[in-house]
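Residue numbers (the working numbering), protein chains in the order written: chain X, 125 to 397; chain R, 106 to 393; chain U, 2 to 349.
Honestly, I wouldn't trust all of these hints.
Listing some non-contacts, in silico: residues in chain X with all C-beta distances to chain U over 10 Å [to be verified]: (1) F167; (2) E174; (3) A239.
Here are some chain R residues pointing at chain X (derived, C-beta under 8 Å) [unchecked claim]: (4) F184; (5) A206; (6) A233; (7) F386.
Don't read these hints as lab results, they were simulated from the structure. Every value quoted in this text rests on a predicted model; they were computed, and no experiment measured them. Glycine included, C-beta positions come from ideal geometry on N, C-alpha and C.
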Amino acid sequence: MSRALKYFLVVVALVAALAPVYWMFTISLKSEVDHFALPPPWFNFTPTLEHYFEAFVARSFGQYLITSAIVAVISTLCALVLGTLAAYALARFRLPYDLDRRLSLWILSTRMFPAIVTAVPLFLMMRDLRLLDTKASLIIVYTAFNLPFVVWMMRGFFDEVPRDLEEAALVDGDSRLGALVRVVLPLVAPGLAATAVFCLIVSWNEFLFALVLTQTDASMTLPVGIAGRVTQYEIKWGVMSAAGAVAIVPILVFAMAMQKYLVRGLSLGAVKG
Amino acid sequence: MRRKVLLRSSWLPYVLIAPAVAVLVALSIYPLIYSITVSLQVGEVWGLGNFTRLASDGFFLTAMAHTFVYAVAALTCEFLLGLGLALLLNNQIRGRGFFRATLLVPMMLPPVVAAVVWRLMLNPNFGAINGTLKQIGIDTESLTWTASPGLAMLSVIAVDVWQWTPFVFLVLLAGLQAIPQEPYEAALIDGSSRWQTFRHVTLPLLKPAILIVLLLRTMDLLRVFDQIFLLTEGGPGFATETISLYIYRTAFRFFDFGYAAAMSFVLLALTNVISVVYIRFLKHESRA
Amino acid sequence: MGIKFQNVTKAFGDTLVVDDLSLEIADGEFVVLLGPSGCGKTTTLRMLAGLETITTGDVYIGGERINDVQTQHRDLAMVFQSYALYPHMTIAENIAYPLRVRKLDKPERTKRVTSVARMLEIESLLDRKPRQLSGGERQRVALARAIVREPRAYLMDEPLSNLDARLRVQMRGELKRLQHQLGTTTIYVTHDQAEAMTLATRVAVMSRGRLQQFDTPLNIYNRPANRFVAEFVGSPSMNFIDGKIESGAFVSESIRIPVTRENADQLTIGIRPEHISVLTEPQNNATPATVYVTELMGNETFVFLSVGTNKLIARAAADFRAELESPVWLRIDAEKAHYFDRQTGLSI
């Protein structure tokens, strides 16, 4: 197939991928009048920031944004700490009854649960614990949500560090913990960073649990806030688009940064991009 | 002989693993058990009432049917498009980083935002799709997309394909690039045609990547919730109601938690069976 | 410091990897554990280092029983086959690591690192990272890391096997000099018998987890305890012929070698290639043979021979030439031959 055709198809794919997103950006920047203009102006319109102002200052999207950030960061930290320790143990120790392999697989399988399956009982549990509509409930649930992924990915990264290095460190006189901190962790640092970013993205984007477990502005995350505007009778497209645009920005930044590990993370380590 | 570092401190691994396991048990296993008890209660009565109700519930069966249609249609499109793109771009090394970065935008979007984006695009009055179609003279009177019983399912499938084809593409591309050059060279020398090479060299060596991508997408498609909820809320009427949506509605609109729990288990069993089948294929491949 | 293994056994599940090993190593010795892969030599080293648990038996360093002492407190230094250099640290940091872990202060660390680096001629590499170094350079860094500590003993696990042939020979010499200078007990694992012969004060030959012979290189070469040792040490390896002794001669098929030994049955004779002379003219008491192939090594020629169903190797002068399948006559120096019991393999 000719080079020209290939490039053309690539361009088509790129346009198809980016055009809708671009469209949303334009809606967020167009005045209400321009929204209904025909033919729809893709490029020539006068931009306005009124929707952004309305969303984040007048309405509570600013608060949703902060909630999303807090929940994402804390739950990611917790998942990283717990998951990395477990991953290290599973990668380095041989447990009786093939336990290390079985545990790894079991941990992975919890990732495969349809969210709704645990959402319903978790709602009931949180209700009983009076944790409904709190940031805490989301943090707890997101930690559990991200944990299997962290364990699975970090285990893969630990497996790539030759055991020789830790043995050398031990013979050189370092303690177990010292060897882990001074020799192993620096070597898995990039993997750790990539895993962290994935967890942040997943937590940031999460919708179902947030929908089920939150009820008021106090604990709503950005996705739920945006959705709220969708299901109401009066749809303020401009405001929604502005919120949407802001919701995307961290994702784009992070994803660009973590590109190298992207395929590996998405395919759960099966394919090393 | 696989060597693990000295097992001298035999309690250490357990201490390291315990907290993670505890969290998972508390938030994944315990809820399931809780759910079982809930599902076995119809009001105050204990029994299998919720489960037997499933067989005769037309909505449930329709929702299952919708879920399958959605999954199969989306998977097929995503796979064929993604594979096609991957094969096409396998040799375009230049600018690879840039392509990867841009193509991943759709799938990195929060589902909410993707839904917003497409509701804007598909809006019958001022959306870009209808707007552009009108420009080229097509009558868009009946093309109400997400509000049309006929077109709603098509619309949500299209959105899923838009969002997730890049994922399939990226994973398959990585898989393709991991295939060494030698088998291709050998096939060339042996006189194999392009199609033959594809069938006998490329496809078999790509199998692990294909299987993992199919596995992950199937799992995600069967449990889809976010984007359908935000695009159509299952409507118009019941037209795009998938099983996750029906469960949600049963639990949080009708407050029939027992029935919702029972349906959850059916869904869980289903996804389990399918993933076991896939994983068996995967293991079989990796041993070969 | 002296090191002692007493009836040490290591089992992985049901497999005995090291079987009842007893060995006493004096302070300052350079002992080589020699054997084919899987013979248990590396496992023995790792047990000493504390990287494998000891199933039964005791290990002593300087009289102290160290079975239950943790790895980091055994005060041994190890050079790994893969060198195990810390990829994210500079060379200087790599070498300084054991000192850092022992909480020595920076000036002291720098002083020791520089002096060791000078000794091994790697001073110019101190600011680089391992991946920027060649194999030979990395090997010296691994050595430096071991030396900088002044440990009780050095443990080396096939440190030269990743180097190309020429570098290996060069490093062999350097290692020997170094150990002599430092005077520290060294235990060295290898499957290369040339390394063992040139480096060791004593060699422990192992096979299938059991100690075959523990003696000086010369004795191992000249007085092998059993057939395994005889065959393993020496290159090209010793020739073996099964047969028996009757009426003052060793006979086997067409071979007849006069010997001064009693009659014996079920015997194997072992003859080193350098003790077989290849003659192009027939002679009294010479065994007839056919040339299978010759290998011209430059400084000598290896002649592969067929004698009946036996295949033998002999060393000949550099200018020796013979056609394939041409007939030759062998004069065997019976004085230098070894005899082994055919059943047990033990030397008689």
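Cross-check of the supplied hints:
1. F167: Per Cβ check, X:F167 is outside 10 Å of chain U; nearest 49 Å; holds.
2. E174: 51 Å, holds
3. A239: Holds, because the least Cβ-Cβ distance between X:A239 and chain U comes to about 39 Å, which exceeds 10 Å.
4. F184: 14 Å, violated
5. A206: Since the shortest Cβ distance to chain X is 5 Å, the answer is holds.
6. A233: OK, holds: R:A233 within 8 Å of chain X, min 5 Å.
7. F386: 12 Å, violated
Hint violations for this structure: numbers 4 and 7, all remaining hints satisfied.
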